[in-house]
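Peer 1: These protein sequence lines map, in sequence, to chains E and V.
In terms of the numbering used here, the first sequence opens at residue 1 and continues consecutively.
In terms of the numbering used here, the second sequence opens at residue 1 and continues consecutively.
Warning: the hint list may mix true and false statements.
[Stated by the list, open to error] Covered stretches of chain E, going by a simulated chain V footprint (3 or more residues, C-beta under 8 Å):
# : region
1 : 14 to 26
2 : 32 to 46
3 : 67 to 74
4 : 78 to 84
[Said to hold, decoys possible] Subject to a maximum C-alpha distance of 25 Å in a straight line, what follows is the list of computed DMTMM-like cross-link-like pairs (lysine to aspartate or glutamate):
#  : chain 1 : residue 1 : chain 2 : residue 2
5  : V       : LYS17     : E       : GLU71
6  : V       : LYS84     : V       : GLU327
7  : V       : LYS51     : V       : ASP14
8  : V       : LYS249    : V       : GLU275
9  : V       : LYS85     : E       : GLU28
10 : V       : LYS51     : E       : GLU125
11 : E       : LYS119    : V       : GLU96
12 : E       : LYS3      : V       : GLU20
13 : V       : LYS64     : E       : ASP127
14 : V       : LYS194    : V       : GLU139
15 : V       : LYS2      : E       : GLU71
16 : V       : LYS84     : E       : GLU41
17 : V       : LYS179    : V       : ASP289
18 : V       : LYS51     : V       : GLU20
19 : V       : LYS38     : E       : GLU14
20 : V       : LYS229    : E       : GLU14
21 : V       : LYS51     : E       : ASP127
22 : V       : LYS2      : E       : GLU79
23 : E       : LYS119    : V       : GLU20
24 : V       : LYS296    : V       : GLU268
25 : V       : LYS229    : V       : GLU327
26 : V       : LYS220    : V       : GLU271
27 : E       : LYS119    : V       : GLU82
28 : V       : LYS51     : E       : GLU17
29 : E       : LYS3      : V       : GLU82
30 : V       : LYS84     : V       : GLU57
31 : E       : LYS144    : E       : GLU71
32 : V       : LYS277    : V       : ASP289
33 : V       : LYS84     : V       : ASP54
No wet-lab data here; the hints were simulated from the structure.
Even glycine gets a Cβ: it sits at the ideal position worked out from N, Cα and C.
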Amino acid sequence: MSKKIHVSTTVNGESVEFLCEARQSLLEVLRENLSLTGAKEGCNNGNCGACTVMLNGVPVNSCIVLAVEVEGAAIETVEGLACHGHLHPIQKCFLEGAALQCGVCTPGFLVTAKALLDKNPNPSEHDIRFNLANNLCRCTGYDKIVKAVQAAAAELQTR
Amino acid sequence: MKAFDYAAPTSVADALKLMEPPHTAALSGGTDLINRMKDYVSSPERVVYLKDIDALESIESSSKGVSIGAGATLAALLEHGEIKKTYPSLWKAAYEVATPQIRNMATVGGNLLQRPRCWYYRAGNGLLALKDGKSLVREGDNRFHAIFMTDGDALFVNPSSLAVPLIALGAKATILGPKGERTVPVAELYRVPKGSQERELTVQHGEILTKVVVPATHAKNASYEARHKQAHDWPLALASVALEMDGQKVGSARVVLGAVAPVPLRSEAAEKAIEGKALNHESATAAGDAAVKDAKPLSMNAYKVQLTKVAVKRALLAAVGDRYWEEG
Ligand SMILES: Cc1cc2nc3c(=O)[nH]c(=O)nc-3n(C[C@H](O)[C@H](O)[C@H](O)COP(=O)(O)OP(=O)(O)OC[C@H]3O[C@@H](n4cnc5c(N)ncnc54)[C@H](O)[C@@H]3O)c2cc1C
Ligand code: FES
Ligand code: FES
Chain E
1 MSKKIHVSTT
11 VNGESVEFLC
21 EARQSLLEVL
31 RENLSLTGAK
41 EGCNNGNCGA
51 CTVMLNGVPV
61 NSCIVLAVEV
71 EGAAIETVEG
81 LACHGHLHPI
91 QKCFLEGAAL
101 QCGVCTPGFL
111 VTAKALLDKN
121 PNPSEHDIRF
131 NLANNLCRCT
141 GYDKIVKAVQ
151 AAAAELQTR
Chain V
1 MKAFDYAAPT
11 SVADALKLME
21 PPHTAALSGG
31 TDLINRMKDY
41 VSSPERVVYL
51 KDIDALESIE
61 SSSKGVSIGA
71 GATLAALLEH
81 GEIKKTYPSL
91 WKAAYEVATP
101 QIRNMATVGG
111 NLLQRPRCWY
121 YRAGNGLLAL
131 KDGKSLVREG
141 DNRFHAIFMT
151 DGDALFVNPS
161 SLAVPLIALG
171 AKATILGPKG
181 ERTVPVAELY
191 RVPKGSQERE
201 LTVQHGEILT
211 KVVVPATHAK
221 NASYEARHKQ
231 AHDWPLALAS
241 VALEMDGQKV
251 GSARVVLGAV
261 APVPLRSEAA
271 EKAIEGKALN
281 HESATAAGDA
291 AVKDAKPLSM
301 NAYKVQLTKV
311 AVKRALLAAV
321 GDRYWEEG
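Hey, can you work out the whole structure from these sequences and the hints?
Peer 2: Take a look at the structure:
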């Protein structure tokens, strides 16, 4: 085993420190060192988006980011979406719209959709499909997912 | 992935010292390098992370053109108003690279210097994929491989979507190494490797690409990418054109092809076919036909010849605002 490196970062608003090897991905460290198992490993090469987290305010595939790169950065994971036990509207709309089956892709979709709605509260269907292009789902099909994001956008606008 | 030493310098000078050969690799967005390391195709002993160097990130426009730091992300490139306005060929090519998540990480320098996606190379058979003197590509599944320059052993295609418009626009790359700085046309970043020990890139180990400068231009320019999937996919054929107009006619033209040869390929035949002509469907089709005159496809990729023709035709027409395929 090679030498471990100390990394200080912020995860879901809290300061976090961990030790990792340079070759560990951010996804690996989130899941195995920090027990944040929301982000999933699908392809492990940047194609499927199941591992999506926010890095300094933008969605990235955590499987192809080295954990040592996030020194001083701010990370948000799907675990940060719900607030005081209340699901985020995007989560609620996925549930109510049956926009998931096995659920492996869902954390990635939720994080990417949240990033989109933060930037563009009133996206067109094209905007939604374009921004979710990196998130693959093998069970549900995309229509229900797109509709759930539209419903969440509508609900967030009434707030 | 093999273990390695990691360094995150904050200045180019420090990075250069840390980059000393032989077994070091620069890490920018990591969207290419980390995948190769996971697959043991590349196993550097030291990785030098360049994204903490602010000086590599800037995009600056002036009357001379636009200077794009090697560390600028593709997402930042797409947000730059001047690039969208003056260099739509570059903007469009970047817009079609990969996905939002990847464009948030991937950098311009890394895009230009990413290694080929040939699946025989990525499976550890070397860049030329020769086994017992035979070409795995020629004898195997070559549907995504080259259709030009196929007489030799280098049958992979250059993977960089950004190199294609940058060459059409006459951009230059600045490279810093232990021996100092040099500036070369983007086309000269690439070569066809002569043997299995040669890389397809002219940038040497230990050197850092610092920026790309695209000269100011009035040229009408556009890119067109043919691919399978809308959502995200690699180009099967990509064409970028830059046209200096002479009244209603094309004065001089640059036509560059991507995803069809081991280097981004300038098509002088297509340029000659369109120069001096008014740009319309007939002349654009003729230029597309001229572009593929020298194509020699492999056993499974003759379909790319037709896609290349259409890519050239559509890029030419898009440059003058005719996007007929989007209508209806
Ligand atoms: C799903 C998927 C789809 C994709 N589709 C496309 C596509 O359609 N078109 C396309 O062009 N690309 C595509 N890509 C590739 C992607 O664009 C590249 O991986 C990315 O642009 C590389 O940039 P990076 O900053 O992540 O490079 P890195 O992975 O960090 O580096 C790439 C290479 O360049 C070297 N390097 C990086 N920066 C420097 C520097 N400043 N000086 C010297 N050497 C340097 C590294 O050592 C490494 O060898 C796709 C990738 C994925 C995962
Ligand atoms: S696991 Fe990261 S993109 Fe698939
Ligand atoms: S619900 Fe199973 S992959 Fe999307």
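Peer 1: Compare the structure with each hint and give your call.
Peer 2: Taking the hints in turn, this is what the structure says about them:
| no. | hint | result |
| --- | --- | --- |
| 1 | 14 to 26 | holds (count 4) |
| 2 | 32 to 46 | holds (count 3) |
| 3 | 67 to 74 | holds (count 3) |
| 4 | 78 to 84 | violated (count 0) |
| 5 | LYS17(V) - GLU71(E) | 22 Å, holds |
| 6 | LYS84(V) - GLU327(V) | 22 Å, holds |
| 7 | LYS51(V) - ASP14(V) | 13 Å, holds |
| 8 | LYS249(V) - GLU275(V) | 8 Å, holds |
| 9 | LYS85(V) - GLU28(E) | 41 Å, violated |
| 10 | LYS51(V) - GLU125(E) | 34 Å, violated |
| 11 | LYS119(E) - GLU96(V) | 20 Å, holds |
| 12 | LYS3(E) - GLU20(V) | 21 Å, holds |
| 13 | LYS64(V) - ASP127(E) | 34 Å, violated |
| 14 | LYS194(V) - GLU139(V) | 20 Å, holds |
| 15 | LYS2(V) - GLU71(E) | 21 Å, holds |
| 16 | LYS84(V) - GLU41(E) | 35 Å, violated |
| 17 | LYS179(V) - ASP289(V) | 45 Å, violated |
| 18 | LYS51(V) - GLU20(V) | 18 Å, holds |
| 19 | LYS38(V) - GLU14(E) | 30 Å, violated |
| 20 | LYS229(V) - GLU14(E) | 40 Å, violated |
| 21 | LYS51(V) - ASP127(E) | 29 Å, violated |
| 22 | LYS2(V) - GLU79(E) | 31 Å, violated |
| 23 | LYS119(E) - GLU20(V) | 42 Å, violated |
| 24 | LYS296(V) - GLU268(V) | 17 Å, holds |
| 25 | LYS229(V) - GLU327(V) | 19 Å, holds |
| 26 | LYS220(V) - GLU271(V) | 14 Å, holds |
| 27 | LYS119(E) - GLU82(V) | 21 Å, holds |
| 28 | LYS51(V) - GLU17(E) | 21 Å, holds |
| 29 | LYS3(E) - GLU82(V) | 45 Å, violated |
| 30 | LYS84(V) - GLU57(V) | 18 Å, holds |
| 31 | LYS144(E) - GLU71(E) | 37 Å, violated |
| 32 | LYS277(V) - ASP289(V) | 15 Å, holds |
| 33 | LYS84(V) - ASP54(V) | 23 Å, holds |
In this structure, the earlier hints numbered 4, 9, 10, 13, 16, 17, 19, 20, 21, 22, 23, 29, 31 are contradicted, and the remaining ones agree with it.
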